[in-house]
Structures are given as C-alpha cells and as structure tokens.
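Number of protein chains: 2
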Amino acid sequence: MVLKGNAIVAQSGGPTAVINNSACGVIEEWMRQNTGDKIFAGVSGIKGILEGNIIDLTQQDAAKIAALRHTPGAGLFSCRYKVQPSDQEKMIEIFRRHNIRYFFYNGGNDSMDTAYQTYLAAKAAGWEMQVIGVPKTIDNDLPFTDHCPGFGSAAKFIAACVRETGIDLESVSTKNKVTILEAMGRNAGWLTAAAALARRFPDEAPHLIYLPEVPFSKSKFIAEVEAIYKTLGYCYVVVSEGIRDDQGEYIAAGTAQKDAFGHVQLSGVGDVLKNLVESEIGIKARCNTLGTTQRSAMHFASKTDADEAYMCGVEAVRMALAGKTGVMVTLERESNSPYKCVTGEAPLSGVANVEKKLPVEWINANHNYVTDEFIEYARPLIMGEVDLPMKDGLPDYVRLDLQKGRLL
Amino acid sequence: MVLKGNAIVAQSGGPTAVINNSACGVIEEWMRQNTGDKIFAGVSGIKGILEGNIIDLTQQDAAKIAALRHTPGAGLFSCRYKVQPSDQEKMIEIFRRHNIRYFFYNGGNDSMDTAYQTYLAAKAAGWEMQVIGVPKTIDNDLPFTDHCPGFGSAAKFIAACVRETGIDLESVSTKNKVTILEAMGRNAGWLTAAAALARRFPDEAPHLIYLPEVPFSKSKFIAEVEAIYKTLGYCYVVVSEGIRDDQGEYIAAGTAQKDAFGHVQLSGVGDVLKNLVESEIGIKARCNTLGTTQRSAMHFASKTDADEAYMCGVEAVRMALAGKTGVMVTLERESNSPYKCVTGEAPLSGVANVEKKLPVEWINANHNYVTDEFIEYARPLIMGEVDLPMKDGLPDYVRLDLQKGRLL
Numbered sequence: 001m002v003l004k005g006n007a008i009v010a011q012s013g014g015p016t017a018v019i020n021n022s023a024c025g026v027i028e029e030w031m032r033q034n035t036g037d038k039i040f041a042g043v044s045g046i047k048g049i050l051e052g053n054i055i056d057l058t059q060q061d062a063a064k065i066a067a068l069r070h071t072p073g074a075g076l077f078s079c080r081y082k083v084q085p086s087d088q089e090k091m092i093e094i095f096r097r098h099n100i101r102y103f104f105y106n107g108g109n110d111s112m113d114t115a116y117q118t119y120l121a122a123k124a125a126g127w128e129m130q131v132i133g134v135p136k137t138i139d140n141d142l143p144f145t146d147h148c149p150g151f152g153s154a155a156k157f158i159a160a161c162v163r164e165t166g167i168d169l170e171s172v173s174t175k176n177k178v179t180i181l182e183a184m185g186r187n188a189g190w191l192t193a194a195a196a197l198a199r200r201f202p203d204e205a206p207h208l209i210y211l212p213e214v215p216f217s218k219s220k221f222i223a224e225v226e227a228i229y230k231t232l233g234y235c236y237v238v239v240s241e242g243i244r245d246d247q248g249e250y251i252a253a254g255t256a257q258k259d260a261f262g263h264v265q266l267s268g269v270g271d272v273l274k275n276l277v278e279s280e281i282g283i284k285a286r287c288n289t290l291g292t293t294q295r296s297a298m299h300f301a302s303k304t305d306a307d308e309a310y311m312c313g314v315e316a317v318r319m320a321l322a323g324k325t326g327v328m329v330t331l332e333r334e335s336n337s338p339y340k341c342v343t344g345e346a347p348l349s350g351v352a353n354v355e356k357k358l359p360v361e362w363i364n365a366n367h368n369y370v371t372d373e374f375i376e377y378a379r380p381l382i383m384g385e386v387d388l389p390m391k392d393g394l395p396d397y398v399r400l401d402l403q404k405g406r407l408l
Numbered sequence: 001m002v003l004k005g006n007a008i009v010a011q012s013g014g015p016t017a018v019i020n021n022s023a024c025g026v027i028e029e030w031m032r033q034n035t036g037d038k039i040f041a042g043v044s045g046i047k048g049i050l051e052g053n054i055i056d057l058t059q060q061d062a063a064k065i066a067a068l069r070h071t072p073g074a075g076l077f078s079c080r081y082k083v084q085p086s087d088q089e090k091m092i093e094i095f096r097r098h099n100i101r102y103f104f105y106n107g108g109n110d111s112m113d114t115a116y117q118t119y120l121a122a123k124a125a126g127w128e129m130q131v132i133g134v135p136k137t138i139d140n141d142l143p144f145t146d147h148c149p150g151f152g153s154a155a156k157f158i159a160a161c162v163r164e165t166g167i168d169l170e171s172v173s174t175k176n177k178v179t180i181l182e183a184m185g186r187n188a189g190w191l192t193a194a195a196a197l198a199r200r201f202p203d204e205a206p207h208l209i210y211l212p213e214v215p216f217s218k219s220k221f222i223a224e225v226e227a228i229y230k231t232l233g234y235c236y237v238v239v240s241e242g243i244r245d246d247q248g249e250y251i252a253a254g255t256a257q258k259d260a261f262g263h264v265q266l267s268g269v270g271d272v273l274k275n276l277v278e279s280e281i282g283i284k285a286r287c288n289t290l291g292t293t294q295r296s297a298m299h300f301a302s303k304t305d306a307d308e309a310y311m312c313g314v315e316a317v318r319m320a321l322a323g324k325t326g327v328m329v330t331l332e333r334e335s336n337s338p339y340k341c342v343t344g345e346a347p348l349s350g351v352a353n354v355e356k357k358l359p360v361e362w363i364n365a366n367h368n369y370v371t372d373e374f375i376e377y378a379r380p381l382i383m384g385e386v387d388l389p390m391k392d393g394l395p396d397y398v399r400l401d402l403q404k405g406r407l408l
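The listed protein sequences correspond, in order, to chains A and B.
Residue numbers for the first sequence, in our numbering: 1 to 408.
Residue numbers for the second sequence, in our numbering: 1 to 408.
It is possible that part of the hints are untrue.
Intra- or inter-copy, both count: the list cannot distinguish identical chains.
Below, simulated SDA-like cross-link-like pairs (lysine to any residue); rule was C-alpha separation at most 25 Å, straight line [unchecked claim]:
| id | residue 1 | residue 2 |
| --- | --- | --- |
| 1 | Lys175 | Arg333 |
| 2 | Lys357 | Val2 |
| 3 | Lys220 | Gln84 |
| 4 | Lys175 | Asn187 |
| 5 | Lys220 | Glu334 |
| 6 | Lys303 | Pro395 |
| 7 | Lys303 | Met383 |
| 8 | Lys90 | Glu224 |
| 9 | Lys177 | Leu50 |
| 10 | Lys230 | Gly52 |
| 11 | Lys303 | Asp392 |
| 12 | Lys175 | Val83 |
| 13 | Lys391 | Pro338 |
| 14 | Lys177 | Asp271 |
| 15 | Lys324 | Glu224 |
| 16 | Lys303 | Pro389 |
| 17 | Lys284 | Val83 |
| 18 | Lys230 | Lys404 |
| 19 | Lys404 | Glu204 |
| 20 | Lys177 | Asn187 |
| 21 | Lys38 | Asp401 |
| 22 | Lys391 | Asp203 |
| 23 | Lys218 | Met390 |
| 24 | Lys177 | Val83 |
| 25 | Lys303 | Asp396 |
| 26 | Lys175 | Ala352 |
| 27 | Lys82 | Ile283 |
| 28 | Lys218 | Asp307 |
| 29 | Lys175 | Pro85 |
No lab work stands behind these hints: they were computed from the structure.
Everything numeric in this text was worked out from a predicted model, so none of it was measured.
Using the sequences and the hints given, assemble the complete structure.
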C-alpha cells in the first residue's frame with residue numbers, strides 16, 4: 001500500500017554541474033505520478049528543513065523547474081550540516097506538521113549519512129516515511145554505485161582544460177616550462193585521474209598524475225618532472241589536492257582547519273609543487289587551480305552525466321512510491337560498448353560516510369599515471385554535450401524564487 | 001607593382017583560444033591569392049626564424065590547416081624573444097636565402113615591437129619586404145584597434161566561469177563565503193572587467209572588481225567585502241593579477257622575477273586577498289586561479305572573436321599584396337547595434353610596446369566595478385559559439401606536423 005502524504009526534496013554538500021538534473025527528475029516525476037499530494041523543497045538542505053525553510057514547489061513555474069536541467073549550482077540551495085541527536089525531535093515535528101511521507105536527499109557521502117540519520121529518526125519516532133538518497137558528487141567516491149552523477153561532467157571539463165592548456169604549454173614552452181593543475185578530490189583520485197582522458201599521443205599532456213591513493217614523494221616527483229622536461233622541454237602535471245607523504249602527512253599547506261564533518265581543509269598543493277619545481281629543478285612553473293569551476297562548469301557538461309543525474313531523480317520517486325526506503329539510488333553499468341547504464345539501489349546504512357577510492361590496480365606501477373582500464377571506465381561518462389540556451393553570449397541559467405510558496 | 005617572392009607567417013607571445021584563426025586566415029588567403037609563391041611558417045616565432053626553423057606550409061594537409069580554426073594554442077609554435085641588434089644580419093640573410101618578401105607576425109604588444117624591428121632591419125638592409133602585424137592578445141591592450149582578437153573568447157570564458165561559480169557560491173554559502181577569482185592582465189584590466197558580463201541581477205556575482213588602472217587599498221577592500229557579506233551572506237570578488245597600491249607596489253607576491261621583456265612576473269594575488277579575508281574578516285574564502293585556461297578555452301570561445309581573428313589574417317595578406325608595410329591590422333567598430341566591425345590599419349611604430357589601458361571613465365567612482373559603458377563595449381565581442389568537432393567526448397584539436405616541409 002502506498003503511503004499517502006507529501007514529498008520533500010533537498011540538496012546538500014558541494015554542488016555539481018548536474019545536481020539540479022536530479023532535483024528536476026524528482027520534482028517532475030512526482031508531478032507525473034499525480035498522487036494528489038504536494039512536493040516541497042527544503043531550502044538549504046536539512047539545515048533549511050530544521051529551520052522551517054520549506055517551499056511548495058508546485059507553485060513554481062514549470063518552465064523554471066525544467067530549466068534546472070541546464071543550470072549549475074544547487075537550485076534548491078545546499079548546506080553542510082551534520083545532523084545532531086538533538087535535531088531529531090524538531091525534524092519529526094516538521095514532518096508531522098506538513099505530513100511529509102517522502103524524503104529525497106540529493107548529495108554525496110556526508111549527505112547520505114544525513115539521509116540515513118533522518119531514516120533512523122523517523123523510524124524511532126514511529127513516523128512512516130520513505131527515505132531515498134539521490135547520489136551526486138564530482139569526487140565519484142560513493143560506494144555500491146558504478147559511478148556518481150556529477151563526476152562525468154567534472155571529468156569532461158577537466159580533461160578539456162588539460163588538453164587545451166597542454167597544447168598551450170607545448171606551443172610556447174620558452175617561459176613557464178612546467179604547468180601544474182590542481183584537481184579536487186580529498187581522498188579519492190577519480191577526478192584527478194580523469195585528466196588522463198585528455199591525452200591522445202604519448203608525448204601529450206598530462207605527463208604525470210599524482211593521486212591520493214598512493215604515497216607522494218617529493219624527491220621522486222622532482223626526478224620524474226626533470227626526466228620529462230629533459231625529453232620534451234616541458235612537462236604537464238596533474239595533482240590531487242589531497243596527496244600525502246608516506247607518513248600520511250598532507251603535502252598541501254593549511255591543514256589546520258577542519259569542516260563541520262571533521263574533514264581537513266586543503267588548498268595550495270599546486271603552489272607547493274610549483275615552488276618545488278622552481279627551487280629544485282630551477283625552471284619556471286605555473287599553477288592552474290580551477291577550484292569551484294570543476295563542480296559548476298555546465299557550459300561544458302557531459303550529456304551522459306546530465307541524463308543519468310535526471311534518471312536517478314526519477315528513479316528515486318518510483319522507488320519511494322514502490323515502498324522502498326532507507327536506500328540510495330545507484331548506477332549499474334550493463335555494458336561498456338555500447339555503453340548502457342541502469343539504476344539499482346544500495347542500503348543507506350552501507351553508503352553513509354564510506355568513501356570509494358580509485359582502485360590501486362588502475363594506478364600504474366610507477367604511481368604517476370593511470371592504466372588503460374581507468375580510461376575505458378571513464379570515457380563513456382564524458383560523452384555528449386548538454387544543449388544550453390544562450391542569452392547575451394552566455395548560458396541562460398535559471399534562478400528559482402525560493403521565497404515563493406513558503407510554508408508557514 | 002606587387003613584390004614577387006615568398007611569404008612567412010609566425011606567432012609570438014602567449015597564445016589565445018583563437019590565435020590560430022589568424023594564422024589560418026593568412027595561410028588560406030595566401031593560397032587563394034595564388035601568387036605562384038610559397039608560404040612558410042617560422043616555427044616558434046622570430047626565434048625559430050633566426051634558428052632557421054622554417055617549414056613550407058604548402059606541404060601541410062589543407063584539412064589540417066583548416067582545423068586550426070577550432071584549435072587553441074599556437075599552432076605554429078610561439079616564442080618570447082626580444083630581437084637584438086646583433087640578430088639583424090642573420091635575419092636578412094634568411095630572408096634572402098628563401099626569398100621572403102612578405103612577413104606576417106601574429107602577436108601582442110611585444111610581438112608588434114618584433115615586427116617593427118624586423119621592418120626596420122629589412123629597410124636598413126635595403127631588402128624589400130612587406131611587414132604586417134596581425135593582432136592577438138587576451139589582454140586587449142593593443143592601441144589603435146577597437147579591441148584585440150583573443151579578448152572576446154577569454155572574456156566569454158571568464159564570464160561563464162564567474163556566472164557558474166557565482167551561482168555555486170550563492171547556493172552553498174555555508175562554508176567558503178568569499179570566492180576570489182584571479183584574472184590575467186598585468187597592466188590593463190580589460191579581461192578582469194569582462195567578469196562583469198556575468199551579472200544579470202544586482203545581487204549576483206561578481207560583486208567587486210579590482211583593476212590595475214586604479215590603486216588598490218587593502219583596508220578599503222576589507223571594508224567592501226565585509227559590507228557585501230553582511231548584506232548577502234557571501235561575496236564574489238574578481239581581481240587582476242596586476243593590482244598595485246598607491247605607491248605603485250604590486251599586491252601580489254613574487255615580484256622579483258622578470259621575463260625577457262623586463263616585465264615583472266606575477267602570481268598569487270588571489271591568495272593574498274584570500275588570506276586577507278580570512279585573517280581580517282575571519283570568514284573562509286576560496287581562490288580560483290584559472291591561469292592558462294583563460295587563453296586556451298576554445299571549448300567555449302566566442303564565434304565573433306574567432307571570425308574576426310580569421311578576418312585579420314585574411315586582411316593582412318590583402319594589405320601586403322596591396323603594397324602596405326610597417327602596419328598592423330586593426331579592428332574598427334562601425335556600429336554596436338547591430339554590431340558591425342571592419343578592419344583598418346595602424347603604424348607598427350605607434351603600436352610597438354604601447355599598452356592601451358581600460359579607460360578610467362569605465363571604472364565606477366568607488367573603483368570597485370565597471371560602468372554600463374564597458375558592458376556595452378564588451379557584450380558584442382562574446383556573442384556566438386564556435387562549432388567544435390568532438391571526438392571521444394572532447395574537442396578534436398589538430399596538431400600540425402612541424403617537421404614536414406622543413407627548409408634547408
């Protein structure tokens with residue numbers, strides 16, 4: 001028997017270029033299912049829900065909801081907030097007040113923990129509610145799923161930038177002879193590894209890739225850059241922000257600060273390596289730090305990724321209405337050539353706070369590049385481009401009115 | 001009477017996304033004119049020419065030459081080299097040996113100085129040769145021309161990135177509340193200013209723009225960021241790498257090194273400002289340093305810019321064959337709505353080493369944003385997208401065989 005009641009969807013953690021495809025999938029599929037009940041948004045994730053910042057999405061313009069499919073950022077706003085035991089009573093009170101029986105939470109590892117805590121809280125309080133996690137992360141580090149919505153687009157953008165700046169470096173190697181690109185991904189090297197998609201010829205960028213899954217050695221790094229430089233006259237390095245030495249110490253500066261989930265905040269490893277190249281090899285280097293462009297570059301997003309993100313949102317609603325709860329939607333690759341991917345499910349209890357790292361067998365023996373198996377895995381995920389409406393020379397992104405339809 | 005003899009084209013300085021459109025325009029127009037003489041490339045600019053690194057472009061595959069129109073980097077390779085008086089004899093000897101009567105040099109301020117020195121050297125030696133400068137620079141700082149090929153594409157890319165990362169910041173402002181984007185442009189703020197194209201609504205990113213044309217004050221900066229942060233809860237800052245204080249001292253670290261032209265090498269102003277925000281206001285900040293992606297992002301280049309870059313190359317050949325020499329091709333805007341732009345010319349003697357800065361009247365009274373007049377000037381330059389052939393999910397850029405057809 002299907003539970004009668006309203007739905008809520010919310011987003012959490014760092015956005016991806018396609019996170020709004022998932023939110024749009026949830027909203028549009030809920031409308032299509034025509035249950036007679038409303039769908040709300042928790043504005044700014046669970047934090048907004050706890051603060052009663054909830055809007056009725058059925059009052060939004062349908063064209064604006066549809067435009068979420070080509071809009072980066074978190075269209076419903078996001079938060080980084082770890083649910084506390086003291087939040088449980090408030091949460092249940094809000095679910096009761098608005099008769100919320102379907103809870104869709106769109107995020108990464110930490111957000112799946114939030115979804116799981118919400119599931120447990122509802123269960124403990126005897127509040128019947130279907131809780132479904134909708135995956136997203138450019139880090140690609142959620143377990144049980146073949147890959148994560150958001151990764152393909154970030155991978156496509158980073159690979160394009162590496163190809164372009166690699167061609168730039170090759171063609172004017174008389175000044176800055178080493179380019180270092182710093183990629184996001186604290187503990188998992190998936191996105192850093194994706195830079196390898198740029199390379200068509202053995203001498204092309206990137207030449208060296210340093211991943212957080214294996215220890216980093218400064219002296220080995222210097223020797224490897226120097227060897228490439230001696231052969232080609234220039235060298236292109238891609239490095240994860242989270243690389244550590246064999247003692248487990250971060251190579252990046254600024255390890256003192258931690259976020260709400262206790263994760264160390266990193267920045268500057270690219271500059272550390274740039275300074276190493278200049279001081280130890282004595283050649284000029286340049287560091288490109290793409291930062292948040294990696295998770296928001298909808299202007300060059302992967303259509304495969306965008307479509308899968310939408311599919312995950314759609315499937316979340318179908319699963320919930322089929323009586324599923326306490327699970328996250330997953331992506332299951334059925335074949336690689338032709339590429340075919342369907343949805344599956346995994347228990348939130350198993351997903352919460354678990355990070356899936358790049359398999360060590362996909363890292364080469366020298367620990368400075370990825371294997372062809374990784375390329376075969378990643379290539380299908382960057383295929384196709386999203387059709388973007390343009391206005392005044394720039395992508396015409398939507399901004400929802402997040403004050404409209406606010407619940408009292 | 002038209003001079004009988006071969007042509008050479010070469011590229012110099014930092015590439016732009018569309019610099020190869022100009023080289024392609026020169027090559028294809030030379031072929032179309034069908035003079036019966038060859039067109040060569042100086043591989044790696046004037047440095048390559050002096051070293052005799054010259055290839056016969058008529059031996060390249062025409063499809064590959066055409067593919068330069070969608071390929072970033074310097075397709076003919078580039079250099080940063082200041083011609084010395086001692087180079088003149090060698091230069092003339094090479095021109096004589098290969099009967100080079102047409103010299104097309106594709107570059108920015110420094111490169112136009114090289115073209116001018118070449119023009120003077122040929123004249124002094126009594127070697128009749130038509131010397132034409134073909135403009136390019138993302139910095140947009142060449143004098144006499146309304147704008148420079150390369151600027152529109154860099155402006156489009158930076159504006160797209162600011163819009164996207166601005167939406168990202170706005171939608172998840174619970175951690176890094178200030179985003180700083182560091183833009184290229186040592187002494188001229190054109191590209192930094194172009195970030196303003198991203199803003200559609202008054203509260204949207206970017207909120208503050210700091211330009212090298214006016215003095216920068218750290219205390220004023222802190223007060224301005226704090227004021228925006230208090231109103232919106234976040235703040236997006238775009239800053240030129242070349243900002244200085246009222247004593248003329250660079251705000252960026254690392255001012256000790258100079259390049260071949262004596263220009264100070266800058267990096268890190270974004271990090272300086274990030275640290276200021278964190279230490280003086282006590283809120284977390286993030287710095288995006290796009291680096292060389294700004295000058296190579298063909299994946300989101302401006303079609304207007306690409307077409308004008310090609311037109312400048314075409315026009316250079318026509319001007320040379322019409323007997324012009326010692327001039328640079330310029331762009332003259334005939335109307336803004338509809339946008340119409342034609343080519344003109346300016347003497348190399350007046351162009352060489354002169355930097356055109358952003359007019360102070362296009363900077364607001366508070367010195368922290370640009371005026372609507374700048375937006376009206378810049379908007380037409382970012383219109384349209386280049387049609388990119390894709391392969392395996394990424395742009396299919398060409399690589400010429402720069403060994404093929406090498407002259408002896």
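Evaluation of the provided hints:
1. Lys175 to Arg333: Neither way: Lys175 and Arg333 sit 45 Å apart in one copy and 34 Å across, limit 25 Å.
2. Lys357 to Val2: Intra 38 Å, inter 67 Å, cutoff 25 Å: neither.
3. Lys220 to Gln84: The answer is neither: 44 Å in one copy and 40 Å across copies each exceed 25 Å.
4. Lys175 to Asn187: For Lys175 and Asn187, only the inter-copy Cα distance (19 Å) is at most 25 Å; the intra-copy one is 33 Å.
5. Lys220 to Glu334: Classified as neither: same-chain Cα gap 40 Å, cross-chain 58 Å, threshold 25 Å.
6. Lys303 to Pro395: both (16 Å within a copy, 14 Å between copies)
7. Lys303 to Met383: Cα proximity of Lys303 and Met383: in one copy and across copies (6 Å, 23 Å).
8. Lys90 to Glu224: Classified as neither: same-chain Cα gap 56 Å, cross-chain 38 Å, threshold 25 Å.
9. Lys177 to Leu50: between (52 Å within a copy, 21 Å between copies)
10. Lys230 to Gly52: between (61 Å within a copy, 22 Å between copies)
11. Lys303 to Asp392: both (23 Å within a copy, 13 Å between copies)
12. Lys175 to Val83: Cα proximity of Lys175 and Val83: across copies only (16 Å, versus 51 Å in one copy).
13. Lys391 to Pro338: between (35 Å within a copy, 16 Å between copies)
14. Lys177 to Asp271: both (15 Å within a copy, 22 Å between copies)
15. Lys324 to Glu224: Intra 51 Å, inter 50 Å, cutoff 25 Å: neither.
16. Lys303 to Pro389: both (14 Å within a copy, 16 Å between copies)
17. Lys284 to Val83: Answer is between; shortest inter-copy Cα gap is 22 Å, intra-copy 47 Å.
18. Lys230 to Lys404: between (62 Å within a copy, 23 Å between copies)
19. Lys404 to Glu204: between (51 Å within a copy, 19 Å between copies)
20. Lys177 to Asn187: Between. Shortest inter-copy distance 23 Å satisfies the 25 Å Cα cut-off; intra-copy 29 Å does not.
21. Lys38 to Asp401: within (17 Å within a copy, 62 Å between copies)
22. Lys391 to Asp203: Between copies, since 19 Å is at most 25 Å while 39 Å is not.
23. Lys218 to Met390: Neither. Shortest intra-copy (45 Å) and inter-copy (37 Å) distances fail the 25 Å Cα cut-off.
24. Lys177 to Val83: between (48 Å within a copy, 21 Å between copies)
25. Lys303 to Asp396: Classified as both; 17 Å inside a copy, 17 Å across copies.
26. Lys175 to Ala352: between (47 Å within a copy, 21 Å between copies)
27. Lys82 to Ile283: between (45 Å within a copy, 20 Å between copies)
28. Lys218 to Asp307: neither (41 Å within a copy, 46 Å between copies)
29. Lys175 to Pro85: between (57 Å within a copy, 22 Å between copies)
Hint compliance for this structure: hints 1, 2, 3, 5, 8, 15, 23, 28 are not met, and every other hint is.
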